[in-house]
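Just so you know, we're using our numbering here: the sequence shown kicks off at 15 and counts up by one.
Please note that a few of the clues may not be correct.
The following label-pair restraints were derived from C-beta to C-beta distances [stated by the list, open to error]:
#: 1; residue 1: 246; residue 2: 587; range: 44 to 50 Å
#: 2; residue 1: 18; residue 2: 498; range: 46 to 52 Å
#: 3; residue 1: 354; residue 2: 52; range: 38 to 44 Å
#: 4; residue 1: 18; residue 2: 359; range: 35 to 41 Å
#: 5; residue 1: 351; residue 2: 641; range: 54 to 60 Å
#: 6; residue 1: 584; residue 2: 40; range: 55 to 61 Å
#: 7; residue 1: 246; residue 2: 584; range: 50 to 56 Å
#: 8; residue 1: 358; residue 2: 498; range: 19 to 25 Å
#: 9; residue 1: 651; residue 2: 328; range: 23 to 29 Å
Treat the hints as calculated values from the structure; they're not laboratory data. From a predicted model like this one, the values you see are computed outputs, not experimental measurements. Cβ atoms here follow ideal geometry from the backbone N, Cα and C, with glycine treated the same way.
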Amino acid sequence: MATEVDHSNPITLSRFILAEKEIQGNSDLSVLFSSIELACKVIASAVRRAGLTGLYGLDGSENATGDQVKKLDVLSNSIFINSLKDILQPGNQLVAAGYCMYGSSTQLVLTWGNGVHCFTLDPTIGAFMLSQKNIRIPDEPKAIYSCNEGNYAHWDRPTKAFVDECKTKPTPYNARYVGSMVSDVHRTILYGGIYLYPGSDKSKDGKLRLLYEGNPMSFIMEQAGGMSTTGTERVLDLVPKRAQPLWVFAATPSNFKPKPQQNPVIPDFVPSVTLVRPSILFTRRFAAAHRSFCFRRCYSPPVASYYQSIMATEVDHSNPITLSRFILAEKDIQGNSDLSVLFSSIELACKVIASAVRRAGLTGLYGLDGSENATGDQVKKLDVLSNDIFINSLKVMVSEEEEKPIVVDNDSSGTKYCIAFDPLDGSSNIDCNVSTGTIFAIYQRNPDSEGGIQDILQQGKHLVAAGYCMYGSSTQLVLTWGNGVHCFTLDPTIGAFMLSQKNIRIPDEPKTIYSCNEGNYAHWDRPTKAFVDECKTKPTPYNARYVGSMVSDVHRTILYGGIYLYPGSDKSKDGKLRLLYEGNPMSFIMEQAGGMSTTGTERVLDLVPTDIHQRSPIFLGCKRDVQRVIDLYKEYSK
């Protein structure tokens, strides 16, 4: 819910601020917002090109609160300090709050006590433009809960009871957990639901910092119609101390009058702007039943070796290699002009979709189209546009959005390849700016065929190539044609995909992460329940992460290890993932990266498809975890 914005009358952040009565005449506050805007633009630019400039990985130090520091942490902190150092003064009252989200687009969300407003960075003019005004949590919020269920065994009883309730309702809640406070809270504000990161018997006091995590997010949530409390008092009424951890519940009183802070921030203490650790944020309808519970949060800092163990051949950034140059140099493709042209067409389609996604909030492309696709899913406006872009860039294909195969060129006698694709995977995340992606699979046509459905109904083991493009904090195109997995990052300064990671492999010591929608737990079969229960009851429990976009979740699994699972259920025994353009290409990529993929009982790439939209259960990830799933299916079949 938000006041409709007139896109024919574009309003920049500067223009919006100057028109606000609360800010008119306050030049210091106007300058402060201008400095924050500049800092966010510079950080957004650095994030977009991080894979091309060596800014991934750890810096090798710890910040003031003991967390491992990444190279981008250091740069982002320096940018903010340099942008604010002359005007940032400690105060005794919260005047405004906000966050900048570096997602599929760059969005700056602000409030100064007059509602919540969203500004989207238009890369074509370099300005933040008003895209949503007076954002409110929906009157009928979605049933979504967001937390790291890997810690379930260590939670207190009220926390367990609440999450169990979410999963055992007649229509279970959906689970989503990105693991970034900004992303998860942003989704909660737009869709409703609850965001929680409770304490545990290992970390009873939590780690959320009041000054730069709890207060700003609670202020924003309240202004959007939500609530925030410690369980016994309003978060915004707490007297802060330096780097103070606290217990947090977030929900909704009607008015906001911040009380003076009796212990203001120490002048020379600048917290890292990247410490986005979660609190408990949820909509009004959850508050009445649970306001007496005091949820507390915990966080285990990342282990340096995990980040350093991302395995790929080092790329020489002094010798930049474009996707086109890389393909032309590949022995497997040399002389195959058709395949080269096909990759060029896919590259073009991904660039155009990336551009549309970046500006979706400014061009009215959020929201539903009002129709359903061939597999019964609600279609979003960007789904339709992305599908059209892909069709116009290619020749013969199967799409999630189309009921039948498409032959663009009726004279297909010389066509060697056919392609199956999902033009915009994770489209349910579009409105809340979480990563989405395009998935594609390339099959070789039968030379004796006149062109038809049988050309595409092939086992995944016969794939010629597969890949996905992820529209996230940067745009990355991940490809394999059976010779390893390679990643190309779109450099917005020159408009080309540049090689950023070559021969990517799942780490030898993979992280312990499992990724699934646990809202469906009650409807899973016994082997799947047993595996997830094992993950949560180990001496060191697995961490749960689930974006809800297959591209994002699988990409993380390839880089860090762990397992992604989308099992069947008693409501949908074959699950929801489509074999030809989701299961097969992602399984092919996973195996090329050194992982495994299974339905629980057989290899995904050995399945024989009988329908272009055929579904299949999917478990894919590192060998350690996928093999355990296979073993459990064998045990329960006896």
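To see whether the hints hold, each was checked on the structure:
The beta-carbon spacing between residue 246 and residue 587, approximately 46 Å, falls within the hinted interval of 44 to 50 Å. For the pair residue 18 and residue 498, the supplied restraint of 46 to 52 Å holds, since their beta-carbon distance comes to about 48 Å. With their beta carbons about 42 Å apart, residue 354 and residue 52 fall inside the hinted range of 38 to 44 Å. Checked against the hint of 35 to 41 Å, the pair residue 18 and residue 359 passes, with Cβ atoms roughly 37 Å apart.
As the Cβ distance of residue 351 to residue 641 is approximately 41 Å, the hint placing it in 54 to 60 Å is violated. At roughly 59 Å, the beta carbons of residue 584 and residue 40 sit within the given window of 55 to 61 Å. At roughly 41 Å, the beta-carbon separation of residue 246 and residue 584 lies outside the given 50 to 56 Å, and the hint is violated. For the pair residue 358 and residue 498, the supplied restraint of 19 to 25 Å holds, since their beta-carbon distance comes to about 20 Å.
Taking the beta carbon of each, residue 651 and residue 328 are about 44 Å apart, not inside 23 to 29 Å as hinted.
Violated hints, listed in ascending order, are 5, 7, 9; each of the other numbered hints is respected by the structure.
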